[in-house]
Amino acid sequence: MGKMKDDVVLQVDDLSIVYHTIRGDVKATNNVSFELRKGEAMALIGESGSGKTTISLSLIRKLPKNAEVTQGQVLYQRENGEVQDILQLSNRQLREFRWQDCAMVFQGAQNAFNPVLKVSKQFEDTARAHGWSDKKAVRQRSLELLKLVRLDPERVYDAYPHELSGGMKQRTLLALSVLLSPQIVILDEPTTALDILTQRAIIDVLNDMQEKLNFSIIFISHDLSLAAEMADVVATVYAGEIIEIGPVNDMFYESLHPYTFGLLAAVPKLDHEQDVLTSIKGTPPNLINPPSGCKFHPRCRFVLDRCNVDVPALTEDLGSHLAACWNKEAVVEARKEQV
Amino acid sequence: MVSQTSPMLEDAKPESATERIIERAMKIYQNYILRVLLQAVLTVWAVTSFTFILIRLMPGNPIDVLVEQILVQEGISYEEAYARVASSFQFDPDASTLDQYLDWLGDLIRFDLGESITSPGTKVIDEIARFLPWTVFAVGAGLLISFILGIVLGMAMAYYRNSPLDHLLSLFASFITGIPNYIWGLLIVIILGIQFGLFNVGQLRGTYASDVEIGFNYPFISSALAHAALPIITYVISTLGGWMLNMKSSTMSVLNEDYVNVAEARGLRDSRIISAYVGRNAMLPLFTQLTISIGFVLGSGVVIEEIFVYWGLGHYLFASITTRDYTSMQGVFLILTMTVVMANVLADLGYGLLDPRVRVSGEK
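Chains as they are written, first to last, in my numbering: chain Y, 384 to 722; chain W, 199 to 562.
Source of the hints: derived by calculation from the structure; they are not laboratory data. Even glycine gets a Cβ: it sits at the ideal position worked out from N, Cα and C. Mixed in with the good hints there might be a few duds.
For each label pair, taking beta carbons as the anchor points, the in silico distance ranges come out as [as the list claims (entries may be wrong)]:
#1 W/I419 - Y/A520: 19 to 29 Å
#2 Y/S473 - W/I419: 41 to 51 Å
#3 Y/R511 - W/L235: 57 to 67 Å
#4 Y/H605 - W/S361: 30 to 40 Å
#5 W/P362 - Y/K652: 23 to 33 Å
#6 W/N360 - Y/G407: 12 to 22 Å
#7 Y/R511 - W/Q237: 42 to 52 Å
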C-alpha cells in the first residue's frame, strides 16, 4: 500500500460500485481510477445520473445503504506520508477521517445547518468531535475563516441559520469545511441554486481560499464554465466511468472523446449568434443493462463497427491527457472543421 | 411638497381623545404577550359561560336530585322532603338563569368560586385545592412518562425502520392506541386486580393510605405512588402509542434532512447527532401535541379516576355531576379550562425557546 507518489494525496484504483435495487443492480461506478495531487483542483463533469456524486460519496464512505463497493481501493496519503485505504477504515477511524482529512460540501447548502442551533454551536460541535474543545480558539479560527469567505464574521458566527441568506449559508459552509484544515475538500455542485452574482462570489472565495489554505479540491459540476475557471484537471464521467481525463486546457481545447466534445459543443457561444442550441442526441444509458462495448456508442456521431464489441481503455495519448475511445482521430478532424 | 403632504398627515393624526385611546389600545394589542394573555382570558370566559348554560340544561337540579334520594330512602311525602332540602340549601331553583349567571360572574371577578350547593359552608376553591394536586400529579406523571418513552421508542423505530423491532413496536403502538383508556382501566382492574389478584383493588381507593402522615416521609410517598400507579399506567398506555407513531414519522423525515447528512460527514459522534440534530428537530411538532393532550387527558381523567376510585379532580367532578352541584361543577370546569388554555399559552411562548425560527415577533 505504500506505492503512492509523494505529491498525490488521493489515489482511486479500479473502483466499482453497484446499487442494489428491486429492478436489478445499478452499476453506478465502473473501474474508476484517478489521482488527486496536493493543492490541485479536479472537476468531475457529466450529465445528471452519470455517477459523479456516487464517486465523490464513496471517498468519504457516505454512500446510501443499498450501495456496495464491489472492487477497488481509495488510498489516502497523510501529510506525514502514511497511506491508508479509506474503504478499510474502522468506524472510529472513519469518523475521524471525515472532515478532519476530507470535508464534503453537499449539494444544496440551504439545509446544511441544523435550524435549531446557532452557527457558532455547529462550528464548536465539529471541532469538539475531533478533539478540539477550546471554544475560544475555535471561535478565533472560525472568525478568521468567515472573514476569508467575505462575511461579517461576528454577525454570522452568532446567528441562527435561518437568519442567513442562501449565498451566506453556502459561504459559511465553505468556511466550516476548512475549519479542521483538511487536505481534501469535495464540493458537490457548489454553485447550483444560487443566483449568478452569488455564484461569482463563491468562485472568487473558493479561489482565494485555495490559494491561502492550499487544500486539494474535487468538485462536481455540470456547469462547464465553472470547471474551466476553477479546475486544474477535468474528468468527464459517463455511465459510471471516467471516459476522459486531462489538464483543463487540453480538455476544453483538444478534447479527444466524442462525449466531451459533444458536451462542449452544447455550451451556448457568446461570440456568435446561434438559433438552435446543439445537443447530444439520445439519453443516458440504462445502468442496469448498459450497452455493450463502449457505453457511449449508441449516441456517438463517430461510431465504428468495433465500438459495440470492444471496450476502449483509458489510454495515454498526450502526456497526462487520457481518453477512452476507438475513434479519437475523428474527433480531432471534426474540431478542425468546426474552427 | 410640504403643502401636498400635510393634509394627509393631519388625517393620520388622532384628533380626539377617543381616537388616541383606540390607537393606544391597538399598540397594546400588538404586544405579543399581552395579546396572547388577552386571548386566553377571553377563551376562558367563553368556555365557562358555555358550560354554565350546559350544566343547567341537564335534567334536574340539586334540590330535585336530593329530594328524590330522600323520598326513596325515608318514605316521607314529597312536600316534606322538598321543604327539608330547600331550607338547607342556599339555592333558589326558581331564580332565572341570567340572574344566576350574573351573580356567578360577579363573584368570579372577585376570584370567588362560591360555596358548594349540596354541602353548604364548604368553599369550592378549598375543595379544588384538595383534589387538584392529585390529578396534576397523576396526569403530569402519566404524560411525562409516556412522552419520554414514546420519543425514545419512536426514534428507535425510525432508526431501525423495517426491522422486526420496528414492525413489532408499530403493531404494539397501534394496538394500545386503538383501545380507549376507560377500557384499559377496566381491564386492569378486572384482569390484573380481580382475576389474577396482583393487587388489592379495595386498598387502592383514594390517593394515599389513611394511616400515613402527609409530608416528606417514605410511608406517605410510597403510599401516594402506589395509589397513583394504576391511573398513571392507564394514562401512559392510552397515550404512548400516539407519541411513538408520531415520533417515528417525525424522526424519519428529519433523518432525510441535509443537515443530518452533513453532520455525519462532519464526523460528529452519533450521540450528538441523535440528540441535538435528529432528536431536537423531530420533537418540535410533538411539543405542540403535548399541550393539546394535556387538556385531553385531564378531561378523560374523570372516567379514569372514577374507575380506580382515585380522589382527584375528576372524582370530585363526577360526584358534583351526580348531585347536580352547579357551583362545584362550574369551579372544576373553570380550572380545567384555565389549565388547558394556560398550557397552550405556555406552549406558544415556549415554542420559541425550542425553535429559533418562530422567535420573530418579539425581537424584530
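Verification of the hints:
no.	hint	result
1	W/I419 - Y/A520: 19 to 29 Å	violated, 49 Å
2	Y/S473 - W/I419: 41 to 51 Å	holds, 49 Å
3	Y/R511 - W/L235: 57 to 67 Å	violated, 41 Å
4	Y/H605 - W/S361: 30 to 40 Å	holds, 38 Å
5	W/P362 - Y/K652: 23 to 33 Å	violated, 60 Å
6	W/N360 - Y/G407: 12 to 22 Å	holds, 20 Å
7	Y/R511 - W/Q237: 42 to 52 Å	holds, 43 Å
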